[in-house]
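Peer 1: Each chain is listed here by its residues.
Number of protein chains: 2
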Amino acid sequence: MKADYRSMWRELGLDLEAHDALLQGLGTAYRDVVAGQKNRPAAMAYLDFVMSEVHGLRIKELLDAKASGRKVIGAFCVFVPEEIVLAADAILVGLCTGADFALEEVEKILPRNTCSLIKSAFGFKLSKVCPYLEAADMVVGENTCDGKKKAYEQFKHLTPNLYVMDLPQQKTASGRQLLAQEFRRFLKVVEELCGVEITAERLRRGIELVNAKRVALSRLARLRAADPVPISGLDALLINQVAFYDDPRRFTDAVNKLCDELEERVGSQAGVFPTVTPRILLSGCPMAVPNWKIYDLVERAGAVIVGEESCVGERGWRNLTKADGATLDELLEAVIDRYFAVDCAVFTPNAEREQHVKEMYQEYRADGVIHYSLQFCQPYIIESMPMEQRLQDQGLNFLRIETDYSGEDVGQLQTRIEAFIEIIS
Amino acid sequence: MKADYRSMWRELGLDLEAHDALLQGLGTAYRDVVAGQKNRPAAMAYLDFVMSEVHGLRIKELLDAKASGRKVIGAFCVFVPEEIVLAADAILVGLCTGADFALEEVEKILPRNTCSLIKSAFGFKLSKVCPYLEAADMVVGENTCDGKKKAYEQFKHLTPNLYVMDLPQQKTASGRQLLAQEFRRFLKVVEELCGVEITAERLRRGIELVNAKRVALSRLARLRAADPVPISGLDALLINQVAFYDDPRRFTDAVNKLCDELEERVGSQAGVFPTVTPRILLSGCPMAVPNWKIYDLVERAGAVIVGEESCVGERGWRNLTKADGATLDELLEAVIDRYFAVDCAVFTPNAEREQHVKEMYQEYRADGVIHYSLQFCQPYIIESMPMEQRLQDQGLNFLRIETDYSGEDVGQLQTRIEAFIEIIS
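Line by line, the protein sequences are chains A and B.
The first sequence runs 1 to 425 under the numbering used here.
The second sequence runs 1 to 425 under the numbering used here.
If you are wondering where the hints come from, they were derived from the structure by calculation, not from laboratory data.
Treat each hint with caution, since some may be false.
For identical chains, the list gives no copy identity; a pair is met inside one copy or between any two copies.
In silico DSS-like pairs for lysine-lysine, Cα to Cα no more than 30 Å straight-line [unchecked claim]:
(1) 38 with 128
(2) 358 with 156
(3) 128 with 156
(4) 188 with 156
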């Protein structure tokens, strides 16, 4: 980090000592895991810069925006419609959930058998080390899984500006109605928070801005179908992670610039790994910064991850929102349709997801799927068992992994991953 | 069991060998745990008879009813509206979920980190040892927790006559609308299954029948407020468990007869345990037959359980359904209102439940609460942590237990329960 942001962090209410420790850990992990990779595209320099300033310049930007009257909304999940947030000139940021922090304190509030992502959110809050959370004017929780849904009851005591958005469990007419009502309620709340009336024109602009980001991420993903693959899975994951923090317009431009470079690589058959590298599709739970554990293990073991069927990945951006509605209502219906199509495992049934895994397997020419679940994430873990069975029956290679944010199982995971790569090579 | 039911079981498709083993285990457990208690009310003889014929005479009754054209509907949860089932002259039965069976086979389909209740349902199905499940014309699953919701996707393959009922997660207008739509859909399905048009008169009769059962169980519960307590917690639990299997009219009569006897006991200050016995309120997850583990431990350790804030207990029957509607629609709205008030931990927030625990604590003159969660039941476990904190702050004694259906932790539980009884004595 170039500038001295200590007074900014202090004013935000961060615990400076704990935050220093966090940044130091993050910096070391970044150097060891991300920056140490070979053959990185030159355009990744932008991502390196963003990451180096993720608690610095980006936070200053948010605070400057707040000073100019804009609002910051924090979210934990891809079900929070960024289109509506942007329509009100507010800024949507993903909140810190990718590392263990203050685990002992967290486990006084939440059961030990809670997934790392939820515990992490609590750890960052209790330790006062997430500047995004502290900068947010409103924090949106969503009733996806049991863990989050019930944990938000507790989180509300720590974060009084928590707003809970309900979600359906089935893709029925009743389910869609519930989502529609919740999105309409969210739109009103955002309007009130921002003192803005969301018009059709504003919502269309919001839709176009988010769609542009999705199109850029989609362009990046398609380039990974090439063999040799022009970018590591780890760098691609990082880009998908930064998508939740960065200014959407600037980020979209940066991804498109990166794609220009990757297209040249593909054209000249230049890859980040040799052609013979086994190709793996990652499927399952989201991975927030700095959760790079599986990617690091896989790519150090001589394989490459060519796609992520994950919220931090294709599940998060593959569907566009139709922007051709004439009225606010038509556009809002398009937003509802778009999110109602997200194939998260909290829905039952959720057959589209397995179909999508198969499509990605073909499209990215994968040799195997690694299904990644956070421990105790019942929706993804339960869904993964029949998926494994059926995909294996169809001849696809499939490895199920359950893990958390600790390093305790790295040795065991490495052994399993190396054995899997051996099989699919 | 008096008669020879083997041909009946064979025709139902049960695995006779596995079923013999189940019955033998159940019989031994019943003799050791339930029948071995002292000072049992004479009227418990009815319950002993019902339990001795739970896979015999009762199943024969169901099959006779089926032969006469009635339908049998199986359920796993108190959210399935018995009023509607009875209105169509069908029979609602609770399905077997109280013991481990074929665990190794189950854990090929479901994660090990799934609660015992869900695994048990699968175990009984895979082993073909639950005559209720095999006799059911329709099995109703409900989207309560993540575990059940996602497990039903698998259960559907084992049980093609599974019907899934969606449930809301919040007690909002949207949530009630979703429940209403689901109950209307269920009514139609039951009508179709039974070839019956449910009229206002029929539904009112169904409501009155279920209400009578609830009133009888409520009467029994109130009698347990007496000191000395006229019936053991274990016998009261057994009655609450049998409520899910037995013919509702006959069961209601039997409970009322038992209450007559208990009133005499209370009048003459005759108790099942001495006056000095520490009194415990049980709160949390449901306990299906033969899950008597905690009750057995508590009452052998010299305390008595005086109430159960549980689905198999007060959460299951405390709210009555208003029967004074004139039209089918008014009556159905009353049914919806009634179930929408159930304070299950799958709802968020669910503050009514904590309030109810406090009320029961006062009403039944409890000296402590034992909060019982099945391992990996995230809704109840997460909810219990702040509840423990707040109730302890208000001076209530509170012990949180997480367990499963195995006997592995009995020694450890015994130590913790004895220490708790020591504290509250």
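Peer 1: State whether the alpha carbon distance between residue 188 and residue 156 is at most 30 Å within one copy, between copies, both, or neither.
Peer 2: Close inside one copy (20 Å), not across copies (40 Å); limit 30 Å.
Peer 1: 30 Å Cα cut-off: does residue 38 pair with residue 128 within a copy, between copies, both or neither?
Peer 2: neither (35 Å within a copy, 57 Å between copies)
Peer 1: Indicate which option fits the pair residue 128, residue 156 if close means a Cα-Cα distance not exceeding 30 Å: within, between, both or neither.
Peer 2: Within one copy, since 15 Å is at most 30 Å while 46 Å is not.
Peer 1: Checking an output row: residue 358 and residue 156, CA cutoff 30 Å. Within, between, both or neither?
Peer 2: between (39 Å within a copy, 23 Å between copies)
The structure shown violates just one earlier hint, number 1.
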